[in-house]
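Mind docking chains A, F and V with the ligands on chain E? Use the hints.
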Amino acid sequence: AKDLKSVGITVGSLGNPYFVTVGKGATEAAHAINPQAKVTVASADYDLNKQFTQIDNFIAAGVDMILVNAADPRAIAPAVKRAQAAGIVVIGVDVAAAGADATVQTNNTQAGEISCQFLADKIGHKGNVVIENGPQVSAVIDRVNGCKKVFSAYPDIKTLSSDQDGKGSRDGGMNVMQGYLTRFPDIAGVFAINDPQAIGSDLAAHQLNRTGIVITSVDGAPDIVAALKGPTMVQASASQDPFGMGKLAVQTGYEIMQGKKPADPMILMPSHLVTRENVGSYAGWTH
Amino acid sequence: MSDISEDSTAAGPTQPSGGAGLSARQLQVRSIVQALGMLPVLFILAIAFHYLGDERFLTPQNLSIVAQQAAINTVLGAGMTFVILTGGIDLSVGSILAASAMSALIFSLLPGWGMLGIPAALLTGLGFGLINGSLIAFGKLPPFIVTLGSLTAVRGLARLMGNDATIFNPDLPFAFIGNAAITIAPGVRVPVLAVIAIVVILISWYVLRRTVLGIWIYAVGGNPAAARLSGIKVWRILLFVYSVSGMLAGLGGVMSAARLFAANGLQLGQSYELDAIAAVILGGTSFVGGIGSIWGTLIGALIIAVLSNGLTLVGVSDIWQFIVKGLVIIGAVALDRVRLQGSART
Amino acid sequence: MSDISEDSTAAGPTQPSGGAGLSARQLQVRSIVQALGMLPVLFILAIAFHYLGDERFLTPQNLSIVAQQAAINTVLGAGMTFVILTGGIDLSVGSILAASAMSALIFSLLPGWGMLGIPAALLTGLGFGLINGSLIAFGKLPPFIVTLGSLTAVRGLARLMGNDATIFNPDLPFAFIGNAAITIAPGVRVPVLAVIAIVVILISWYVLRRTVLGIWIYAVGGNPAAARLSGIKVWRILLFVYSVSGMLAGLGGVMSAARLFAANGLQLGQSYELDAIAAVILGGTSFVGGIGSIWGTLIGALIIAVLSNGLTLVGVSDIWQFIVKGLVIIGAVALDRVRLQGSART
Amino acid sequence: MTLEPDPVPRLEMRGISKTFPGVKALNDVKLKAWGGEVLALMGENGAGKSTLMKILSGAYQADAGGTLLIDGKPVAITDPIAAKRHGISIIYQELALAPNLTVAENIYLGIEPSRRGQIDRPAMRTGCQAVLNRLGAPFTPDTVVSGMSIAEQQLVEIARALHTNSKILVLDEPTTALSSRETDRLFALVRQLRAEGIALIYISHRMAEVYELADRVSVLRDGSYVGTLTREELSAEALVKMMVGRDLSSFYTKTHDPHGSRGPVLLEVRGITDGGRRVRPCSLRLHQGEVLGIAGLVGSGRTELARLIYGADGKAGGEVILAGNSVAINAPEDALKVGLAYLTEDRKGLGLFLDLSCGTNINLGVIGSDARAGGILDRAAWRRRAARAFESLRIRAASPQVIVGSLSGGNQQKVLLSRWLEIGPKVLILDEPTRGVDIGAKSEIYRIIDELAKRDIGVIVISSELPEIIGVCDRVLVMREGQIAGEVGGPGGAPITQENIMAFGAGMAA
Ligand SMILES: Nc1ncnc2c1ncn2[C@@H]1O[C@H](COP(=O)(O)OP(=O)(O)OP(=O)(O)O)[C@@H](O)[C@H]1O
Ligand SMILES: Nc1ncnc2c1ncn2[C@@H]1O[C@H](COP(=O)(O)OP(=O)(O)OP(=O)(O)O)[C@@H](O)[C@H]1O
Ligand SMILES: [Mg+2]
Ligand SMILES: [Mg+2]
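Chains as they are written, first to last, in this note's numbering: chain E, 199 to 485; chain A, 6 to 351; chain F, 6 to 351; chain V, 31 to 540.
In isolation and in its complexed conformation, chain E is listed as follows (with noise of 0.2 Å):
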């Protein structure tokens, strides 16, 4: 059997505990398979070039396997190529990678129907929504997707906008969120794409003074476990398992080197919605 000695991740962003996440569970599931192995985890920052660079980077160390979370699914295919003709297995994670090996994400549209779901129901299938985006990344595009998908659904529900950028961050979610409420009088809902955006926008809300606005979003970070059981207005999240997802895909990929490929190259894992009501038994990321 060939051995794994050492690992190689490039993900979007290391600002994102996500990744972090990724990266330990990745870790997690390398140390299972060889305790000496080496986990090198890179953050391209969601520039194409750098991701391009560090892989080149992992060819050059000579490791046996690459997981990528591809700043751009398509455009990533020559670098993927290049890493296979080194011998390297590469596999995509949380975002599909043209041409790896296997790709192992969480159903996004999943879980933006989810979260919208959600709030279509708390806000009785009537009413003005926000759509607070974020970065133009696949996971994203996929998630609001899945959202006006849900609203689509229901002609009482308004969509007031969905082409601002929260930045995927905290003060980004709560500027956004601050002019929204001072343009909109009258909020009903607001899917935010990822959770620091949702607690932001609800920092705004709440500063402003205003309440009864139904905020979701998508991640089940571990601050919005905090954020469901306080006195947010953050109702619902869509789960992902960072953890799990870095670890199913060095499993995969360890058995990729072994000849086995597996029946289907695209994972998904299905995202579950944490609310107020389940979030006490919710295990969070770090399992």
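A few of these clues could be false.
Unchecked claim - To give an idea of the chain F side of the interface with chain V (calculated C-beta under 7 Å), a few residues:
#1 A142
#2 L218
#3 A224
#4 L234
#5 S235
Stated by the list, open to error - Taking CB as the label site, the calculated pair distances span:
#6 K200(E) x W118(F): 43 to 51 Å
#7 L115(A) x G147(V): 35 to 43 Å
#8 L340(A) x K324(E): 43 to 51 Å
Calculated from the structure, these hints are not laboratory results. Note that beta-carbon positions come from the ideal geometry of N, C-alpha and C, so glycine has one too.
For chains A, F and V with the ligands alone, kept in the frame of chain E given last:
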């Protein structure tokens, strides 16, 4: 050869007979015009946004939001003004803000001692500022490179402090800093963040205009060699300005932590340095050093905040926000230039 | 900085009798030392990474990767050198690179005319450079603000060009630029990207050192007022340097497009300006203008690439990469300063 | 003015050496100065005078081995503050002001009156005004330095040095930009300070000033001490011989035809004005082969007039006619194109490229026209011209590759002058052409002016040094308050004398 020279001077030494340089009065006027130079731009923007945005811009509530959004950049810009007045630059403020916010949150989690988060953040900022300043003052290294280095290194440290995760504290003991507002008149509430920013501006103004230190800062920026020959300890001035900039970045960290209840070593403060520098330069402070005022920086920071807030309010899409913002920044200085035309010699 | 440097042997008509300035020989040595100043740093880094990284660093394959990684930054740095030599700055290169790469890809998709992508990108870059240059040369606006404005505005345009999506072309007609290598000796293959970078450096060197234009660029940077009084058309020089910087950013766009087969208006080229400026300043070019050399920029760009590549190779974690990178940048200039000590005038 | 036979000099420097990277600027120099005397320090450009004084003021550190005694006690001067503490004040040759600050702020820089850190501006203003009054300076304490002319800035420097009570006052070429009125003022002050018992060290290249003021003269040559002459021993020949190491014959030589056969009018300026801010409508004519002087008090607008003619500043009205053709001059390059050149009075600020080599500075005006096709430098021409300039102006530098910033002031001036000589202009305006230049070089520049006139070039000389104006010019215009107040010399005009010029300059003559 001195037969006629006596009486001609009797005409009075104070007489700017024919040609002396600009008088202080003129200069003061010019400097005020320059500092307030961008005020018209600010007003035009505000009015435009008000009418384009369904008259929602100039409401007390929204103005308080704008003030809040401008506050952190104003504080960073004040520190940056000190630095740029000496002819330097500080690229590391965004990273220092992130590290200080991390400090603030880490200490805020100490049971019973949560308020320690504030001094911890200030000291973190001051510490990094001192390191920057020492390298520049004693090592005589170029400020751009030193602070570019610490932009990178401090960013790493900030991430290390939180183990690359977001630290959050929903029960932040100093949350009022980021969220409370002070009622200064019936119905007029000023956010604490904005009050802090105004206090920082006032102190900066006092230091720059009313103290010896202020003159020395201007002198070092105007002609470092002359300052040195006058016996000014240039290294002290440099140490001071970078420390101030660091400490104010630390204050920015406290403000940001208090506003968000959370901090993240990687994301927080990314490219804040550009906004701070933009505020300073929009405010008419010169990159070569020695010329500029703190009021300009305040107005510059307000313009930037008004732009972001107003464009969102009007519903301009994110893409067009970029384009419009860029053009307005250029347009603002261009306008300023047209207004001040013909005041410079070669 | 001895501008016409070769014949220091032709002992001048006057003798260095007693009190004269530095001799030409000394000056030349100093200037070479300055330009090559960072070479030792480069060597030390390379050797350290080689031994820390299981002897993988100094392999032909890895060196070719490093060369490739340094290539784009070198090209941007060359343009930036021109700009900084005149005392200016160009913050917009990253955005221009993104917009040009978008142009390259959009045109590359025209059936049968795909090669048009190259001139399209170059012209896009040149166009934006010309706009920057015009605002600075004719509008007399501060370069920092103008290019900060275009950093933002051009970024928006780049996103607009691709409708905020990635444009992808797997059959890029000029893919060889980003992927092929030229065999210059048996077993020694140099990536085309690196060849382009070297050619750009050579041409820049020629322009700066062997043409009238080059001397004018140094003159404008050294003393713009004197340059004007000497009859140099300062506006032309400024227009030229910003156009060059824009066009080279366009070339960078072609290189990036060819390497990635794709371009994205939002993500591509983010904060590349900082890397380019860092390369220039690490290379010993002075921010105030008038002093510096293109070779220094090359070495600066190589140091930055070696650092990124080496740290990953050695398996340093992302956080520590930040910290180490920052410290090495500061350490490098500090070392340089120690080496050159005692050569500064009051 | 007899010297008290005080056995202990106020200041004694012994065995002072100073090495810059690549240059030994001073070699085992000694110097003594007593209180109540004016010691003139003389020497050619680059002899090391300024360097010696900068060591005294703490701006430079001498090489190890020298000693410095004040009132017989050895002292260590490690920085400018230490020098101030020992009562040493200095007026630097190269202006050392912060241009963005006001006069008062500059004068008090480093010694601001303050109460608990807060500056006492009224005290500063009053103190400053008092010194300005003593100097008769034509500006206020609140004037910002960056808008002032070089002469005015020099007055600020002087005011700064005078305003502290010092035991030793060094004046390094304080009068290079001053006209006779300010100079007289300054001299009166110097005499007064001497009477108060202060030791004054006075550096100048103007013989007349040295004769007038000096009690003793010490001479440096090539960084070494040559000797000291007392007042009784002082003679031009002896001094020149000590400084230059050879005899220097005639000083002002006029071999061109002053005005016997006047050439045609080369340059005519009609009613040029900047709108009345600095220059009210001025008209003048310059003949072929004529040397036209422009005299006037500091701030009378001479520089501004020249800059208007040259196109350096925008004019509000007026016409420039060259060789009978009206020419449109809107920028310096337009002036250069028609053969009109202007040498600035501010060589560091507006003239030289301090970080570029001497050769490039010399060639800067002509590299464009020398260049081979495609703008490629003609390096042979570069070397040829640089070598020629070095030879003809006796520029003291190791080679043309040396950066100009490391040269002494006088040599820098020669480099700048040769830039304009190389372009071969038809009309050359020289603004304070001999600022800070030693006698050898001065006579060289006078010879060149004469030479230019002989080649039918029209030369305008703006100078604050009346002997110079009188010595080299054929005709002199006198400016006052932005206008041409009168004319002396020329065929049928009043003779060129100090009295005549000053009468117009001060507005005494109708
Ligand atoms: N850029 C400027 N801004 C404001 N005032 C100026 C400027 N330049 C010159 N002046 C003033 O204009 C007057 C005329 O200056 P100018 O330099 O022409 O005088 P000048 O006769 O050449 O005397 P000198 O050069 O000896 O001072 C001076 O009083 C000077 O202070
Ligand atoms: N900072 C410096 N670095 C290198 N060389 C210097 C420096 N300062 C002065 N020199 C050199 O030292 C020598 C003496 O210069 P200094 O300025 O003392 O001459 P000076 O006698 O004052 O001449 P001048 O009459 O022209 O003012 C010159 O050769 C000069 O080039
Ligand atoms: Mg001197
Ligand atoms: Mg003058």
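Do the hints match the structure? See the list:
1. Restraint check, A142(F) versus chain V: the minimum CB separation of about 13 Å is more than 7 Å; hint violated.
2. Here the hint on L218(F) is kept, as its CB sits about 6 Å from the closest CB of chain V, short of 7 Å.
3. A distance limit of 7 Å between C-beta atoms decides the matter here; for A224(F) the minimum to chain V is near 5 Å, and the interface restraint holds.
4. Contact between L234(F) and chain V, as hinted, is supported at the beta carbon level, the nearest pair being about 5 Å apart and thus within 7 Å.
5. Because the closest C-beta pair between S235(F) and chain V is about 5 Å apart, less than 7 Å, the hint holds.
6. Taken as a hint, the range 43 to 51 Å holds for the pair K200(E) and W118(F), whose Cβ atoms sit roughly 47 Å apart.
7. For L115(A) paired with G147(V), a C-beta distance near 36 Å keeps the hint of 35 to 43 Å intact.
8. As the Cβ distance of L340(A) to K324(E) is approximately 47 Å, the hint placing it in 43 to 51 Å holds.
Violated hint: 1 only; the structure is consistent with all others.
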